[in-house]
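**Student:** Chain residues, written in single-letter form:
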Amino acid sequence: MTTAPAQAGWRFRQPSVIPGFGLTLGFSLAYLTLIILIPLSGLIWRSASLGWAEFWAIASDRRTINALEISFGTAFLAAAVNVVFGTLVAWVLVRYRFPGRRIVDAMVDLPFALPTAVAGIALTTLYAPNGWIGKLLMPLGIKVAYTPLGIVVALVFIGLPFVVRTVQPIMEEIDKEVEEAAATLGASRFQIITRVLFPGLAPAIITGFSLAFARGVGEYGSVIFIAGNLPYKSEIAPLLIVIRLEEYNYPAATAIAAIMLALSFVMLLVVNLVQTWSRKRYG
Amino acid sequence: MEVRVANVRKEFERFPALHDVSLDIKSGELIALLGPSGSGKTTLLRLIAGLERPTRGRIFFGDEDASQKSIQERNVGFVFQHYALFRHMTVADNIGFGLKVRNGASRPPAAEIRRRASELLDLVQLSGLEKRYPAQLSGGQRQRVALARAMAIEPKVLLLDEPFGALDAQVRRELRRWLREIHDRTGHTTVFVTHDQEEALELADRVVVMSQGRIEQVGTADDIYDTPNSPFVYGFIGESSSLPVKVENGEIWLADRPIGLSAPHAPEGEATLYFRPHDVELLDGCSGCIAGTVAASRRVAGTRRVELEIGGERQRVEIELPVGHPAAQKSRVAFRPGRWKLFPAA
Chain A
1 MTTAPAQAGW RFRQPSVIPG FGLTLGFSLA YLTLIILIPL SGLIWRSASL GWAEFWAIAS
61 DRRTINALEI SFGTAFLAAA VNVVFGTLVA WVLVRYRFPG RRIVDAMVDL PFALPTAVAG
121 IALTTLYAPN GWIGKLLMPL GIKVAYTPLG IVVALVFIGL PFVVRTVQPI MEEIDKEVEE
181 AAATLGASRF QIITRVLFPG LAPAIITGFS LAFARGVGEY GSVIFIAGNL PYKSEIAPLL
241 IVIRLEEYNY PAATAIAAIM LALSFVMLLV VNLVQTWSRK RYG
Chain B
284 MEVRVANVRK EFERFPALHD VSLDIKSGEL IALLGPSGSG KTTLLRLIAG LERPTRGRIF
344 FGDEDASQKS IQERNVGFVF QHYALFRHMT VADNIGFGLK VRNGASRPPA AEIRRRASEL
404 LDLVQLSGLE KRYPAQLSGG QRQRVALARA MAIEPKVLLL DEPFGALDAQ VRRELRRWLR
464 EIHDRTGHTT VFVTHDQEEA LELADRVVVM SQGRIEQVGT ADDIYDTPNS PFVYGFIGES
524 SSLPVKVENG EIWLADRPIG LSAPHAPEGE ATLYFRPHDV ELLDGCSGCI AGTVAASRRV
584 AGTRRVELEI GGERQRVEIE LPVGHPAAQK SRVAFRPGRW KLFPAA
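Chains as they are written, first to last, in our numbering: chain A, 1 to 283; chain B, 284 to 629.
The reader is advised that the hints may include incorrect statements.
[Claimed, not checked] With a straight-line cut-off of 25 angstroms between C-alpha atoms, the simulated BS3-like cross-links for lysine-lysine are:
1) B/Lys383 / A/Lys176
2) B/Lys309 / A/Lys176
3) B/Lys352 / A/Lys176
[What the hints assert, rightly or not] Stretch-level coverage of chain A by chain B, calculated; a stretch enters the list once three of its residues show a Cβ under 8 angstroms from a Cβ in chain B:
4) 24-31
5) 148-155
Keep in mind that the hints were calculated from the coordinates and are not lab data. These numbers come from a predicted model, not from an experiment. Backbone N, C-alpha and C define an ideal beta-carbon position, used for all residues, glycine too.
Bound-form chain A, shown alone:
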């Protein structure tokens, strides 16, 4: 793609004419250390007080593995659902003018503001077997509350604004002329969306996905109400950590936390690399 010669070794990006590179970098590093690095290294340090054998015993425990699977699996599913419908919501908000658009726009942010416990209780009431929606789904044999499906529902609710708010501004910037150009070249409406618009939105959609996913993995408040919290079945990893803490089993709690941390970090890193790659291509 670019024809820049391969660089030997590491090099700082050339500072611009704007002064303060040293100052701002120094401040950023200090700030990140204070806010993120110190608490996290404390976590690693605590879990390191366990020996390898003990750590491995906790990590390979069926209950831990199931909890991690449920946490990451539901978060992934919910983020995937949000990518589809969040993009759709953003599309409607950007493309169409209809009465009440501003209200819908404001509503998207509600999951940000609402205490997550409130969301969890509200969703549980709705989806419980005797709730408004649960009652309708019951005859179809679909059980939402107190199952992993309920977790997905809660995480979809929590994660929606992340996708909408990252995709929306990029969508607003789409040049109308690009669509017109595609139309004059003979592309149908569907081809314009899939071949021209969507690829341009992909980086923003990936960002929205990773934010919604990360939020879903860490979500606690809303999930514990709707999940039912059955060990091995619908128990999320953050809940397991809290259970261990309540048993004063700090090493076990920190060990699970450390595993979550490592997994999340790897996944976000991958997403970031995909981002960088696509940004390099599309400028």
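Given the coordinates of chain A, assemble chain B onto it according to the supplied hints.
**Tutor:** Same frame as chain A, now just chain B:
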């Protein structure tokens, strides 16, 4: 392909952008739509492309009524001022896009599309840039890719909306010459919009001068420049000076003096005299001429532009003198326009 615009009217939310416009474009012609902003030139171009639908009237491609066809069916090549390239596609993919979105049997095989893309890149003199992304090209290169993309679908007409508007002067001149060459080589019927008269006059076979949603004049560069048919065209194309005059008994009078020009067919009464500042005959004495005191004198490139105050009303007109002409030193200059035109006072 011949294009015929028949009595087209276009309104945007009740506001008319075009009033009853008709225009015949011959096959293979290079036509410029020229006018100030808001004159409706871009609207007319977009109507031909199908990007807008006429409020009234019809547009024909050959004998076919194109106004009933969608943009996709019209098969026009459209080039936008700001290129409108697909950022996430390589240059080759951009050019091949119009062929790739065809369905079924009309879509050429991939290898054929690739071959066609590189052929067009040769034509627009960008060979070897197939793998680049638009972000890695300069403005002039992007516009050439946009043109290649538009030509890839073998359009019936090529429509360009201020194609050089976003480029700097140097690149503009270069691309102008190059577009003319491409047109001569490929023979596409081409319509381009511009507000730059130099561009229109230099490039086009015929120029369509537009103002306030109407066509003022259609003609070759010579027609438009030498025989403008309205005060607007006189004022808009090239330099012009004007004076309020009166017609009496076939003679033109400025205030209370005849200026030595006769207009036997002009209607009696108030009128405005238009002439080109460089097309004047300087006189010594003055019985039947326009005379004025020099109010200002500026050197402009190869000539000297002199501003004169005429008569009691102190009407100002500009004329051009050769540098070093003795008249420039005098405080009073007398002249008579060479080629001129009278329009009845509005």
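**Student:** Next, verify each hint and record whether it holds.
**Tutor:** For each hint, the structure was consulted:
1. B/Lys383 / A/Lys176: holds, 21 angstroms
2. B/Lys309 / A/Lys176: violated, 31 angstroms
3. B/Lys352 / A/Lys176: holds, 21 angstroms
4. 24-31: Contact hint for the segment 24-31 of chain A vs chain B: violated, 0 residues under 8 angstroms.
5. 148-155: Answer violated; 0 residues pass the 8 angstroms Cβ test.
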